[in-house]
Amino acid sequence: MREEVKGNWSEIEIRNVSKYFARVVANKDVNFTIRKGEVLALLGENGAGKSTIMKILYGLYQADEGSILFDGKEERIANPKDAMRFGIGMIQQHFSLVFAHTVTENVILGAMRGIIPYAKAKEQVESLASRYGFDVDADALVGDLDVGVQQKVEIIKALFKQTTLLIMDEPTAVLTPQEADQLMEFVRQFVADGHAVVFITHKMKEVMEIADRIIVMRDGRISGDLRKEDTNEAELSRLMIGRDIVAPEKVDFEGRDHGQLGLIVENLSLSRGKVKLLDDIDFHLRPGEVLGIAGVSGNGQEELCETICGIRAFDSGSIVLDGVDLSELSLREHIDQGIGYVPVDRHRDAMIGSMSLAENIYLKFSTHDDWNRHGLIDANNLRQKTLESIEDFDIRAPGPDVPAGNLSGGNQQKLILAREMRLAKKLLILNQPTRGLDLGAINNIHTTVLQARAEGLPVLLISTELSEIFALSDRIAVMYKGRFMGIFLPRELNTERIGLLMAGIVPDDLAHVADEEIRAEVV
Amino acid sequence: MSVVVGILARALTMSTPLLYGSLSEVVAERSGMMVTAIEGIFLIGAWGGFVGTYLWGSALYGILLAMGLGVVVAAVYAFVTVTMRQHQVVTGTALNILVAGLCTYFQRVLFGIPTSPLKIERLPQLAIPLLSDIPILGEVFFNQNILTYIMYAIIPLIYFVLFRTSTGLAIRSTGENPVASDVAGISVNFVRYMTVLFSGLMGGVAGAFYSIGFLGMFTAGIIGGRGWIAFAICFLGNWHPFGAVVGTLVFGLAESISIYMQSLGGAGFLPNEFFIALPYILTIVLTVSRRNFKVPAKLGVPYVKEGG
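Chain order of the listed sequences is Z and R.
Going by the working numbering, 58 is the number at position 58 of the first sequence; the sequence numbering is gapless.
Going by the working numbering, 232 is the number at position 232 of the second sequence; the sequence numbering is gapless.
Here chain Z stands alone, though its shape is the one from the complex (with noise of 0.2 Å):
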């Protein structure tokens, strides 16, 4: 049995809608429609009020003030079952998928009452599936699935629901690029159905390629609302950013013969059961190089991470630093060989947010002598250490004794970067140091890096933008299920390649390049 959808409406407007958070303004004044048949892009930075205004009318929030019309009559969005009524559907930036779950249960959960007819439910999901071409077992348990399958299941739970507008929250940040491509293919199907679609995203490119009309937003407001004919780059990324940013200059690295120095890991491997989760990894990091790791998370790039930083145990293979075997040292020995590592999620790996700033960063010196004086914590100093980091790294913050969780995302990273900055004498691992940040903290972040590459630094660049790893990498690797698919130079790499590698496949024209020896000759 399933419930009856009113999604014959032709349009929405979203009319003076104001949401505040505590002291923050997340939405203000906020005035637009969506129609049938338009595909409507949703242009901001990270924190702009994308996603919040979405979830209003997805009846995730409430509006503090203004009002919702579906053609011309005010309706009230209470709960998402509401906004489901009105055949809204919304897929969340991070899945709301059961792992331990069939994709049948998942599609169906919600939307069906009393006893599950589960042939029946599993038939009109292959149906669904079939219908727009996605490749989807229905019997698979979801936690199974890759990320860019998992996403196929989240459109076609919306579509179970009958759903007649689509928002999707930056829907392509976890797909290779041909998947993207497929998504987009899905995007203009569904929108000649007569259907519309709301598209979430920061990146420009997506924009003009998918969008029929923009709305730009920045710190909560709309800034343009434009048609895709209208306008152009230029003109869209000042409506979004509304002041300029210098990207930081790179110089090209010099391939010195650099002998042992640097990090070696050979022969790298680590399973979990039948799981490789790291396979036969091996690769030369040379002092004052940037190697950027492309792939699609959760390919093993954080188990490289932790092997490198004495975090996880390995299984055979061997890391060596500068010279030294990393292999039979402890964790607090990989730190005081000089090792950096600003880990993915720094909520969970690297920051306690209800400490304040100093002592996040005394964490990781609290055996260092010079940061202690008679077994105690030498205030003085730590608070002088930390005042020395909020003006070399720019933190934004009242002072070292705040609580670092009452940092903005990009203060918060920017004070990793400063604590890790302090301990890489050898060596700086980064994994996705950007995610999240608007672009100003992008920047300070990039020119760091490119700062520590100049000073000498060896630099492991894991991330999933592709325009981060081609702007700061000398060498790219591209990680698929625990594997290397070969190192590069930048100019071997385009988007269409890369894309192949993530996805598991060497393209023909580099079978040849993808073996490290060669590129230690190319370079």
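Source of the hints: derived by calculation from the structure; they are not laboratory data.
Any given hint could turn out to be false.
Some chain R residues judged to face chain Z by a derived CB distance under 7 Å, without partners named [claimed, not checked]:
no.	residue
1	162
2	166
3	176
4	179
5	184
6	186
7	265
Ideal placement from N, C-alpha and C gives every residue a C-beta, glycine not left out.
Go by the hints and put chain R onto chain Z.
Leaving out everything else, chain R in the frame of chain Z:
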């Protein structure tokens, strides 16, 4: 032979309340709620069962009162842990202590301190015609009290609801990923309240079983940790109704053997006390030895709606 049949029949009897408890715990934990107040719910059920039966002269009233009181304790637990988002283990422990005090207090208020324990009539054994005549099996399965017969129906019912209906899917999804339930239009807190209240209902019956169905009286130590055993069985049975059935049968058997051996006054070199401790020793050994738990991913984690 008749000794063995007697032990088996009693094993099933002793399994009954544990199964009421552990099945309801399975349902609640599948939604992400550990009902750590289960020991207290058992106890107040035992007391309610006794009081209802003693004062109004019918076991039915006793069971109804037990269910009502179980639901009240569960409601308090749900309010503190779901709405107020307090820690489940701490809240349950506090409630268990509170209930123990309340039962003793009101027992004295109502009945003073009688010279000999107050007795109520125990639930009769109902031999099912024909079926109870089957050799061995009839004696073991079809010469039990009404609560055991109801249990036979509850096992497949709970399995069916959990795995074949939208209600079950909502419960299981809520324990695995409450966000998925929330964005699908299912109220996480509502689901969790309902499963906890259901636990209160079932736990109340389980408790009443000890006073009405087994001892025919109430003592402060009547439950003696059996709520915790039901709690452990839910883990041991891997959060599956059939796993819970197997688990409770094992413990029921241990209790039955324990009772039989106590009646003999111990066996050879093993003292009586060993058999009293047997179910508890078994709990520890099995809990430690179990591997590969399929724990509901968000078990015990309060759901905080983002932004709100």
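Against the structure, the hints:
| no. | hint | result |
| --- | --- | --- |
| 1 | 162 | violated (11 Å) |
| 2 | 166 | holds (5 Å) |
| 3 | 176 | holds (4 Å) |
| 4 | 179 | holds (5 Å) |
| 5 | 184 | holds (3 Å) |
| 6 | 186 | holds (5 Å) |
| 7 | 265 | violated (50 Å) |
Hint compliance for this structure: hints 1, 7 are broken, all remaining hints hold.
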